[in-house]
Amino acid sequence: MRTSVQEMIAQSKGKKNKKFMEKMIPVILFLIASVSVLTTIGIVVTLVIETITFFTRVSVADFLFGTTWLPFSNKQELFGIWPLIIGTLKVTLIAVIVAVPIGIASAIYLSEYASETVRRIVKPVLEVLAGVPTIVYGFFALTFVTPLLQSVFPEIKIFNAISPGIVVGIMIIPMIASLSEDAMSSVPKQIREGALAMGSTKFEVAWKITVPAALSGIIASIVLAVSRAIGETMIVSLAGGSTPKFNGDFTDSIQTMTAYIVQVSKGDAGYGTTIYYSIYAVGFTLFIFTMLMNILAGYVSKRFREEY
Amino acid sequence: MTMTIKADKKKSAATPEQGIKVPVYQTKELNLWYGEKHALKNIDLDINENEVTAIIGPSGCGKSTYIKTLNRMVELVPSVKTSGEILYRDRNIFSSDYQVEELRTRVGMVFQKPNPFPKSIYDNIAYGPRIHGIKNKKILDEIVEKSLRGAAIWDEVKDRLNENAYSISGGQQQRICIARALAIEPDVILMDEPTSALDPISTLKVEELVQELKEDYSIIIVTHNMQQAARISDKTAFFLNGEVIEFDETDAIFSNPSDKRTEDYISGRFG
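Line by line, the protein sequences are chains A and B.
Residue numbers for the first sequence follow the working numbering, so the first one is 1 and each next one is one higher.
Residue numbers for the second sequence follow the working numbering, so the first one is 309 and each next one is one higher.
If we strip away everything but chain A, and leave its shape as in the complex, we get (with noise of 0.2 Å):
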């Protein structure tokens, strides 16, 4: 007769080996989850070191309320972060307003009014739009988008704020489409079959009932889709040109933070030098603008949270 299926549970029970495993996997799991904890904690440091270099060869005054941005120049260097902040938000402004009503538009159609054959081929096609390599959209802006804006205006010159902002805009389409359909497919149908039965219209519905319910995922997804346009950098690198300028003109050449860091790093200069660690006092900016940003996603997706 063979043992009891008791005897044998406990006889392998006793196998040091797997006590051993077991207390083993959580410490391999932390070191794996740690991976990603270290690293950025790594890129924060030395983003502050190199910083703080910076800082004692430029002063932290000059830096902040400078409006001149002349690194390469031979007389005097000057470092005003300023033409480099205004050519991101030019760039960031006009993909807002181009991304924001066609994003909640397209959203608003897909949760409201597509069929289920149209959601499953349109949500698809928005995805890809998401997938283009940001190179690619650059390339679209210099050499198709912007010779369109010249052919109609004709004062727009090569490099400028409009063309890399539009198409910028249109990468953070599919962003806020895709988040506010999330957001607005998740308010629950009795709610919206309460506003039917008092005589609204579809629209009255979706306006007036869904887009107030999803207000915060709304919100949170234009918030995620502006900190991802702050930090584009093939798209304003290929088509915005690379003259920082302080002032409000749109039509002509400009620089954004991540592009003056792009042509650093493309060798303009060499190690060691202020222009060097100039890079990393604006890549610490890029972050705080946009870890700003994620902040407040999270923030207004907590305030304007709708009970249902």
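Because the hints were derived from the structure by calculation, they are not lab data.
Check each hint, because a few of them may be wrong.
Listed below are the simulated DSS-like cross-link pairs for lysine-lysine, each with C-alpha atoms no more than 25 Å apart in a straight line [unchecked claim]:
{"#": "1", "chain 1": "B", "residue 1": "Lys-445", "chain 2": "A", "residue 2": "Lys-208"}
{"#": "2", "chain 1": "B", "residue 1": "Lys-443", "chain 2": "A", "residue 2": "Lys-208"}
{"#": "3", "chain 1": "A", "residue 1": "Lys-189", "chain 2": "A", "residue 2": "Lys-123"}
{"#": "4", "chain 1": "A", "residue 1": "Lys-208", "chain 2": "B", "residue 2": "Lys-466"}
{"#": "5", "chain 1": "B", "residue 1": "Lys-445", "chain 2": "B", "residue 2": "Lys-466"}
{"#": "6", "chain 1": "B", "residue 1": "Lys-466", "chain 2": "A", "residue 2": "Lys-189"}
{"#": "7", "chain 1": "A", "residue 1": "Lys-208", "chain 2": "B", "residue 2": "Lys-421"}
{"#": "8", "chain 1": "A", "residue 1": "Lys-75", "chain 2": "A", "residue 2": "Lys-266"}
{"#": "9", "chain 1": "B", "residue 1": "Lys-389", "chain 2": "A", "residue 2": "Lys-189"}
{"#": "10", "chain 1": "B", "residue 1": "Lys-389", "chain 2": "A", "residue 2": "Lys-202"}
{"#": "11", "chain 1": "B", "residue 1": "Lys-329", "chain 2": "A", "residue 2": "Lys-202"}
{"#": "12", "chain 1": "A", "residue 1": "Lys-245", "chain 2": "A", "residue 2": "Lys-157"}
{"#": "13", "chain 1": "A", "residue 1": "Lys-208", "chain 2": "B", "residue 2": "Lys-446"}
{"#": "14", "chain 1": "A", "residue 1": "Lys-202", "chain 2": "B", "residue 2": "Lys-443"}
{"#": "15", "chain 1": "A", "residue 1": "Lys-189", "chain 2": "B", "residue 2": "Lys-345"}
{"#": "16", "chain 1": "B", "residue 1": "Lys-329", "chain 2": "B", "residue 2": "Lys-522"}
{"#": "17", "chain 1": "B", "residue 1": "Lys-454", "chain 2": "A", "residue 2": "Lys-208"}
{"#": "18", "chain 1": "B", "residue 1": "Lys-421", "chain 2": "B", "residue 2": "Lys-466"}
Following the hints, complete the assembly by docking chain B onto the known chain A.
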């Protein structure tokens, strides 16, 4: 601008001669299919003004489908087909020139599960008047108060009108939904098992409310609870497998049903 008082308007129009009942809804040979499924079969029903009409029957008998057909909410289900006609105030609601929004402005609805909008209590009640073009703050204030009083919930929420409607209890939410329907002063109120998600005390409150509301409104209520039908309705229709088996005065249905199947159902032999 003064608000029309519903009760006055109603009395003059409703009872020109004592004792004669005016029908609000006349259903004539109504058939309805969900795809291939024949859900309603040759329904003929007249529903009178200022009465409570209860619709009872076992699950899947078509009672909810019927009430949702009365304000055409059933059309939200894909692949619904109908034949026959439903006259609301002598006009066929299926005719192509009948705007569904117009019908639903005259016929309010309260659902099985409380479904307030995720807005403040005030905005919930003001929603209907607002979408139908009433913007004046003073008038809206009046409508909100009158509707909440009408739904017997004013005293409970008058100090928290700006709170989210989901912050109150389920029973209170359901009365908010009734108040929301009252706010546009409809002619008919459809109630689709309005107490099935509520506790007994809230149920009692809603039932009392239905009794009061029939002074001013015609009410059609679907219920799976036969005692409820007996307590609150004037007339009762018994549905079974998509057909109307019996439709009569509630007293007659419950004390002396003429059809064997009705008797079996109300005595609890099935369903």
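Each hint tested on the structure:
Among the hinted pairs, B/Lys-445 with A/Lys-208 is consistent with the structure: their alpha-carbon atoms are about 18 Å apart, no more than 25 Å. Between B/Lys-443 and A/Lys-208 the CA atoms are separated by roughly 15 Å; this keeps the pair inside 25 Å, and the hint holds. Using a Cα cut-off of 25 Å, the hinted pair A/Lys-189 and A/Lys-123 holds, with the two alpha carbons roughly 20 Å apart. Between the alpha carbons of A/Lys-208 and B/Lys-466 the distance comes to roughly 24 Å, so the proposed pair stays at or under 25 Å and holds.
A hinted pair counts as satisfied when its Cα atoms are at most 25 Å apart, and B/Lys-445 with B/Lys-466 qualifies at roughly 17 Å. Note on B/Lys-466 and A/Lys-189: the hinted pairing is violated, with a Cα-Cα distance of about 28 Å set against a maximum of 25 Å. Note on A/Lys-208 and B/Lys-421: the hinted pairing holds, with a Cα-Cα distance of about 21 Å set against a maximum of 25 Å. A distance of roughly 23 Å separates the Cα atoms of A/Lys-75 and A/Lys-266; the hinted pair therefore holds under the 25 Å criterion.
Distance restraint check for B/Lys-389 and A/Lys-189: the Cα-Cα separation of roughly 22 Å lies within the 25 Å cut-off, and the hinted pair is therefore satisfied. Distance restraint check for B/Lys-389 and A/Lys-202: the Cα-Cα separation of roughly 21 Å lies within the 25 Å cut-off, and the hinted pair is therefore satisfied. Proximity of B/Lys-329 to A/Lys-202 is assessed by CA-CA distance (about 36 Å); at most 25 Å being required, the pair is judged violated. For a cut-off of 25 Å, the pair hint linking A/Lys-245 to A/Lys-157 stands: about 14 Å separates their Cα positions.
As the CA atoms of A/Lys-208 and B/Lys-446 are separated by approximately 21 Å, the hinted pair is consistent with the 25 Å bound. At most 25 Å may separate the alpha-carbon atoms for a hinted pair to count; A/Lys-202 and B/Lys-443 meet this at roughly 20 Å. For the suggested pair A/Lys-189 and B/Lys-345, the alpha carbons sit about 23 Å apart, so the restraint of at most 25 Å is met. In summary, the hint linking B/Lys-329 to B/Lys-522 is supported, as the alpha carbons are separated by about 14 Å, within the 25 Å threshold.
Note on B/Lys-454 and A/Lys-208: the hinted pairing holds, with a Cα-Cα distance of about 23 Å set against a maximum of 25 Å. A threshold of 25 Å between alpha carbons decides the hint, and for B/Lys-421 with B/Lys-466 the separation of about 23 Å falls inside it, so the pair holds.
When each numbered hint is compared with the structure, violations occur for hints 6, 11.
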